[in-house]
Amino acid sequence: QVQLQESGPGLVKPSGTLSLTCTVSGGAIGTSDWWDWVRQAPGKELEWIGEIYHNGNTNYNPSLKSRVTMSVDKSRNQLSLQLRSVTAADTAVYYCAREPLGSSGWYKAFDLWGQGTTVTVSS
Amino acid sequence: EIVLTQSPGTLALSPGDRAILSCRSSQSLTNNYLAWYQQKLGQAPRLLIYGASTRDTGIPDRFIGGGSGTDFTLTIRRLEPEDFAVYYCQHYGGSPLMSFGQGTRLEIK
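Order-wise, the sequence lines are chains A and B. Numbering-wise, this note's numbering puts 83 at position 83 of the first sequence, and it's gapless, one number per residue. Numbering-wise, this note's numbering puts 62 at position 62 of the second sequence, and it's gapless, one number per residue.
Source of the hints: derived by calculation from the structure; they are not laboratory data. Some clues are possibly wrong.
Said to hold, decoys possible - Simulated restraints, written as ranges between beta carbons of each label pair: (1) B:Ser7 to A:Asn57: 31 to 41 Å; (2) A:Asp73 to B:Glu107: 36 to 46 Å; (3) B:Glu107 to A:Lys74: 26 to 36 Å; (4) A:Lys44 to B:Glu82: 16 to 26 Å; (5) A:Gly56 to B:Gly16: 46 to 56 Å; (6) B:Ala12 to A:Ser71: 36 to 46 Å; (7) B:Arg78 to A:Thr17: 33 to 43 Å.
To be verified - Distance condition first, Cα-Cα at most 30 Å in a straight line; then the derived DSS-like pairs of lysine-lysine: (8) A:Lys44 to B:Lys109; (9) A:Lys13 to A:Lys44; (10) B:Lys40 to A:Lys44; (11) A:Lys65 to A:Lys13.
As the list claims (entries may be wrong) - Pulled a few chain B residues facing chain A out of the computed Cβ check, cut under 7 Å: (12) Tyr88; (13) Pro96; (14) Met98.
Idealized CB from N, CA, C, for every residue including glycine.
Build the full structure now, drawing on both the sequences and the hints.
So, in C-alpha cells, the structure goes:
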C-alpha cells in the first residue's frame, strides 16, 4: 500500500526558502503518475502549487511559478518542493499528492495524499 | 483564469437527508475534468469523484457526481453522520492547470 509522508522544517523565516520532502513508501515512483504539491492556509481553501512527472517535467501554478522549484529523486523515492522568498502568506499545511493514471486514463485528480506538514513563516 | 465557485457556502441538514452541492466553473471544462473531495478537520482531503461522475475506489454509492461543461453537482443520498465535513471541487485544464473551489461546509442541523 503506497503511502506519502511530508517532512521539513516547521518554521521558516521571512524572505527565506521553504524546503520540503515527500517520501513515497510501499511502492516506487513509477513512470505513470504525476506527483503534486497542494497547500492550505489556516481556515482557507486548498491551493494547487504544481506537479512533477517521473522524468522531471513540471507544471506550476502561475501565481507561484517565479518562486517554486520541484524535483524528483527516484533512487530515494522522494519528491522535493522549494519555495523561495517566503512571507507570512505562505504559512500553510503543505500536502504532497498523487495524480494517477487509471485503467481508463488519467484521473486528473488526487487519489492519494500525505498527512500534511505545517509550515509557519515567522521571524 | 478558471475560477470554481461552490454553493452554498454552508449547508445544514440532518442525517438521512439528501445533500446537493454545486460547483460552477467560469469556463467550460475540457473532458469534464472535475473532481470532488471530502475534508474533515485536521485531515487530508479524500477523493470522492473524478471525471465529474466516476466514484473513486471504496467510495459508497450514496455519493453521486453529475454535470458537464460549467455546472457540476455532488449529491449525497441519505446522509450518514460521517458525511458532515467540508467538500471541495477541483478542475484540471486551462490556467491555472488545477484549482479548487472555496468549499461547502456540510453541517448537522
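For each hint, the structure was consulted:
Look at serine 7 (chain B) against asparagine 57 (chain A): about 36 Å separates their beta carbons, and that is inside 31 to 41 Å. For the hinted restraint 36 to 46 Å between aspartate 73 (chain A) and glutamate 107 (chain B), the CB-CB distance of approximately 42 Å keeps it satisfied. Between glutamate 107 (chain B) and lysine 74 (chain A) the CB atoms are about 43 Å apart, so this pair departs from the stated range of 26 to 36 Å. In this structure, lysine 44 (chain A) and glutamate 82 (chain B) meet the distance hint of 16 to 26 Å, their C-beta atoms being roughly 24 Å apart.
Taking 46 to 56 Å as the suggested C-beta distance range, the pair glycine 56 (chain A) and glycine 16 (chain B) conforms, at roughly 50 Å. At about 45 Å, the CB distance of alanine 12 (chain B) to serine 71 (chain A) agrees with the hint of 36 to 46 Å. About 49 Å separates the C-beta atoms of arginine 78 (chain B) and threonine 17 (chain A), a value inconsistent with the hinted range of 33 to 43 Å. Annotation: proposed proximity of lysine 44 (chain A) to lysine 109 (chain B) holds, straight-line Cα distance about 23 Å (limit 30 Å).
Proximity of lysine 13 (chain A) to lysine 44 (chain A) is assessed by CA-CA distance (about 22 Å); at most 30 Å being required, the pair is judged to hold. Simply put, lysine 40 (chain B) and lysine 44 (chain A) have alpha-carbon atoms about 13 Å apart, close enough for the 30 Å limit, and the pair holds. For the hint linking lysine 65 (chain A) to lysine 13 (chain A), the alpha-carbon distance of about 20 Å falls within 30 Å, and the restraint holds. At its closest, the beta carbon of tyrosine 88 (chain B) sits 6 Å from a beta carbon of chain A; the interface hint therefore holds under the 7 Å criterion.
Given hint, proline 96 (chain B) at the interface with chain A, holds; its Cβ is 5 Å from that chain's nearest Cβ, closer than 7 Å. The criterion of a C-beta within 7 Å of any C-beta in chain A is met by methionine 98 (chain B), whose closest approach is roughly 4 Å, and the hint holds.
Checked against the numbered hints above, the structure breaks hints 3 and 7 and satisfies the rest.
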